[in-house]
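Residue numbers (full-length UniProt numbering), protein chains in the order written: chain A, 1 to 264; chain B, 1 to 264; chain C, 1 to 264; chain D, 1 to 264.
Some hints could be false.
When chains are identical, the list treats them as one kind, so a pair holds in a single copy or across two.
[Unchecked claim] Calculated lysine to any residue pairs in the SDA-like style (CA-CA distance at most 25 Å, straight line): (1) LYS171 to HIS149; (2) LYS194 to PRO218; (3) LYS153 to GLY260; (4) LYS172 to SER9; (5) LYS153 to ALA216; (6) LYS153 to ASP259; (7) LYS171 to ALA216; (8) LYS196 to GLY125; (9) LYS253 to GLN242; (10) LYS153 to ARG13; (11) LYS253 to ALA20; (12) LYS153 to PRO197; (13) LYS196 to GLY28; (14) LYS172 to THR138; (15) LYS171 to ASN54; (16) LYS194 to PRO126; (17) LYS253 to ILE23; (18) LYS253 to ARG49; (19) LYS194 to GLY130; (20) LYS171 to PRO197; (21) LYS153 to TRP136; (22) LYS172 to SER37; (23) LYS196 to PRO217; (24) LYS171 to ALA20.
In short, the hints are calculated from the structure, not lab data. Just so it is clear, the structure is predicted and the values come from calculations on it, not from any experiment.
There are 4 protein chains.
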Amino acid sequence: MSIERSDVSDWWRTEIIDMAPGIIRFRGHPIEDLIGSVSFPQMIWLMVRGDLPNAEEAALFECALVAAVDHGPQAPSIAASRMAVTCGLPLNSAMASAVNMLGDVHGGAGEQAVELYHMIDEAGGPSYAGEMIDRWQTERTPYVPGFGHRFHKPVDPRAPRLLSLVDEAQKKGVVSGRFAAIGRAIQTELNARKGKPVPMNIDGATAVIYAELGFAPPLARGLFCLSRSVGILAHAWEQMNQGGRNKGPTPPKYRWTYDGPDPI
Amino acid sequence: MSIERSDVSDWWRTEIIDMAPGIIRFRGHPIEDLIGSVSFPQMIWLMVRGDLPNAEEAALFECALVAAVDHGPQAPSIAASRMAVTCGLPLNSAMASAVNMLGDVHGGAGEQAVELYHMIDEAGGPSYAGEMIDRWQTERTPYVPGFGHRFHKPVDPRAPRLLSLVDEAQKKGVVSGRFAAIGRAIQTELNARKGKPVPMNIDGATAVIYAELGFAPPLARGLFCLSRSVGILAHAWEQMNQGGRNKGPTPPKYRWTYDGPDPI
Amino acid sequence: MSIERSDVSDWWRTEIIDMAPGIIRFRGHPIEDLIGSVSFPQMIWLMVRGDLPNAEEAALFECALVAAVDHGPQAPSIAASRMAVTCGLPLNSAMASAVNMLGDVHGGAGEQAVELYHMIDEAGGPSYAGEMIDRWQTERTPYVPGFGHRFHKPVDPRAPRLLSLVDEAQKKGVVSGRFAAIGRAIQTELNARKGKPVPMNIDGATAVIYAELGFAPPLARGLFCLSRSVGILAHAWEQMNQGGRNKGPTPPKYRWTYDGPDPI
Amino acid sequence: MSIERSDVSDWWRTEIIDMAPGIIRFRGHPIEDLIGSVSFPQMIWLMVRGDLPNAEEAALFECALVAAVDHGPQAPSIAASRMAVTCGLPLNSAMASAVNMLGDVHGGAGEQAVELYHMIDEAGGPSYAGEMIDRWQTERTPYVPGFGHRFHKPVDPRAPRLLSLVDEAQKKGVVSGRFAAIGRAIQTELNARKGKPVPMNIDGATAVIYAELGFAPPLARGLFCLSRSVGILAHAWEQMNQGGRNKGPTPPKYRWTYDGPDPI
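With the sequences and hints as input, model every part of the structure.
And the structure:
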């Protein structure tokens, strides 16, 4: 950047963006070359990773972004987004309160699933799925991330569609397909252990794609946040148009059950 | 949805998403039909508006999303995102703290610009730019939203590129071009008033696109939040890799100036 | 502060805190003199205003802080706090998502009530209540801030208790009592207009105290946020102990009503 | 509560608050009995724990709340709070963005310190400090929570003051003093290991108090958030009065250092 380098400017050093008056470059690319030339998913990839994906990598990446945008108002994040606008919050703040909720439990499963896939891959591949699931449950949590759904049984409709697109990409040589194989091995193992289908869910399926494309585990969470922000925005906007003031979680007449001392 | 309708389920009624076990539909479209078929910008449009844009509308929309992803660590939102991860926050929370900052001043200019454009359009078009600017400054704020930049002088490189893409879209009949004309009329008026270039900035330019495509003003803010979330994520992730603990705004040795009573 | 003054340190100038290694002073007071000597409400007052209140001012101030801590899980902020911890958020982030929700509608009524009281005071006092209510409804919103409650009818139990403490403080000369008179004048006017009791609510009652004590209107919101943070923390903590994962707003079996195209 | 119990109301069951029209009870206490009778710290205690502390417990608790309100604009949370208001955010949202930042690194040290103290206590007391520090560093992180300060050397002025108040409370039989002994044992151990003073910091000192008073570890973080919210509010308000728009982390002329490809 066309200013003098100093300890103050070094404090905020970055490889992402360079600027001079009238010039903006992302990862070395002038902004005017990117606008109209790269897709939004390509731009996301460029920003977080530094290089541009080819069209086929970008297409697979885009599928993951499209798949995870929303899961309805019973998701705490979506409910929070809708309540927030009835409290008078503008869209940015409604989105903030909601994205914040994509924590370890709600939004962290994708990150954890990529970690688990990496563990299995580093152990030697799909045949180590059972062993690594055991290790995960011992060292991390009893929840196997990316599998099981309390509502979509026996199948989460997003998972087979995403996996079939990974398969197509594999045939074209876009990805290796080894994380799809790992995901399927976990599926088989869990089905056998439970004696019933334990569906791969949206986190497990997008984690296959993110792992295939070489994203680091925490980015699975970050990219999920980008994707889910779409649904969060859509619901906030719908609620803004529906109106309402201080919308609580249930119709007011239900209130809540008080279980403490000296009830009224 | 395949549950009984009740006052409780009605409390969270929505037109966005429908579900049954194994089935997810957005705006009536099964998720498996959308994945791999629609682009991420088309999915965003579908979610917030209910219909699917055609390919040319989606392409113009995509340009606005690509253009606004980042403006560097001096933007308070980006700085907040970077500081947040050094405080131990995961990416979802870093993004939340940062997106929250896209308030009336930082992220609201696009929304306000669409409002101003609508005012001029409803008044009769570009020739009313001066009159409506006066009204805006009297009734709203002295800041004309979408114009002027403290750094990019005399031109913000994003604006002419975006406007040229609107012009192309107009030639193809994708958009009417009347909001581009309004934006340019404001530009001409402000240049004349100030006696120097007052560059249309990213908010002013993306507002032209959002207005041309028929997005309501608050969505200009919401969509800016989606777009800027990309830069917020990229910077959070870069900072996570750089490391650091409790990164303050300046190198520690500078501290701050104390101007209160009884200085040490 | 014992560092050289520079443009960098001036950028973060403040009158609140001064530091040197081993020394911390707030508003000129060494921290070790404050700890154990001033109450938490006195410390709050010192930090936001710069001076220390006397014991009686602090006592009245404390009543407002105590009164507003919680209004139960149907308040969107409290619901958000509880849902947040089930998404895996630590207490700081649960509090953030929740405090964020104390926006213009949910948490801004106190700020607006102080503004309305000031309008009436500047107009000449209680006898101008009706005229200023009209002006408020014309210029601002139809909602008269600080009055009316959808649940506590005919009386919000917090208001009469707080007003009686203002009366006591007035008798002792701690406050003038003119904002209590204004609040009561609004009450009388609204009751007459509606033909039924329109109870002064927590925002209206704490606004009387904040106005009597000379707090600027936005601080009524800020102090409400401090107070309500207590309930937000208590509910987050209780929920953390109750457990739960991804707690939605209603029991899962109710889901939501879908009102869009092509229902399942 | 005077409504029918149902699965919907049970979904939000709580022991904290009970309501009926005109009646609000916290932990069984009518709100009008609490207002004017209990201090704000007592109210905080009642809300999060369910019982009321006696006056001496409340006094010691109050010292911890007073001590941690602020550490100046170089703290990321405080900087975020100040930047937020210049982005147009109201105080609630500025507080939210800032409190969110009190994560594992910035705000979690108190929680971790209480955990470490408990480990030592359960191992047998102060003489196990060294052994448990080793275990902490092996199993958790190399950072010993609550000790060391990059600025306050050799002493953080808050720690000795707080410890002396714990000692006084111990003499009166208010607390056992065993966590103060543990804190001092860690201090001695770390000084010996490093060959120089490793000052007990604010997190270490307030953790002693929270542990002495029986607060669970996560509440040390939650209570720190309440306390630091005071400084966050004070700085947000001061910045609001100073003005500024889109305040970045450094004076604009410094910008940032770009270290990526193809610099301008």
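Now for the hints, and whether the structure bears them out:
1. LYS171 to HIS149: Neither. Shortest intra-copy (29 Å) and inter-copy (49 Å) distances fail the 25 Å Cα cut-off.
2. LYS194 to PRO218: neither (29 Å within a copy, 35 Å between copies)
3. LYS153 to GLY260: between (37 Å within a copy, 24 Å between copies)
4. LYS172 to SER9: Answer is neither: 45 Å inside a copy and 45 Å across each miss the 25 Å cutoff.
5. LYS153 to ALA216: neither (29 Å within a copy, 38 Å between copies)
6. LYS153 to ASP259: between (34 Å within a copy, 24 Å between copies)
7. LYS171 to ALA216: Answer is within; shortest intra-copy Cα gap is 24 Å, inter-copy 43 Å.
8. LYS196 to GLY125: The answer is within: 24 Å in one copy meets 25 Å, while 50 Å across copies does not.
9. LYS253 to GLN242: both (20 Å within a copy, 24 Å between copies)
10. LYS153 to ARG13: between (48 Å within a copy, 23 Å between copies)
11. LYS253 to ALA20: So LYS253 and ALA20 pass the 25 Å test across copies only (11 Å; inside, 59 Å).
12. LYS153 to PRO197: within (8 Å within a copy, 53 Å between copies)
13. LYS196 to GLY28: Neither: 51 Å inside a chain and 30 Å across chains, both beyond 25 Å.
14. LYS172 to THR138: Neither: 38 Å inside a chain and 46 Å across chains, both beyond 25 Å.
15. LYS171 to ASN54: For LYS171 and ASN54, the Cα distance is within 25 Å only inside one copy (16 Å; across copies 30 Å).
16. LYS194 to PRO126: For LYS194 and PRO126, the Cα distance is within 25 Å only inside one copy (19 Å; across copies 47 Å).
17. LYS253 to ILE23: between (58 Å within a copy, 16 Å between copies)
18. LYS253 to ARG49: neither (50 Å within a copy, 28 Å between copies)
19. LYS194 to GLY130: Answer is within; shortest intra-copy Cα gap is 13 Å, inter-copy 45 Å.
20. LYS171 to PRO197: neither (27 Å within a copy, 54 Å between copies)
21. LYS153 to TRP136: within (24 Å within a copy, 42 Å between copies)
22. LYS172 to SER37: Result: close both inside a copy and across copies, 24 Å intra and 18 Å inter.
23. LYS196 to PRO217: neither (29 Å within a copy, 40 Å between copies)
24. LYS171 to ALA20: Neither, since 44 Å and 33 Å both go past 25 Å.
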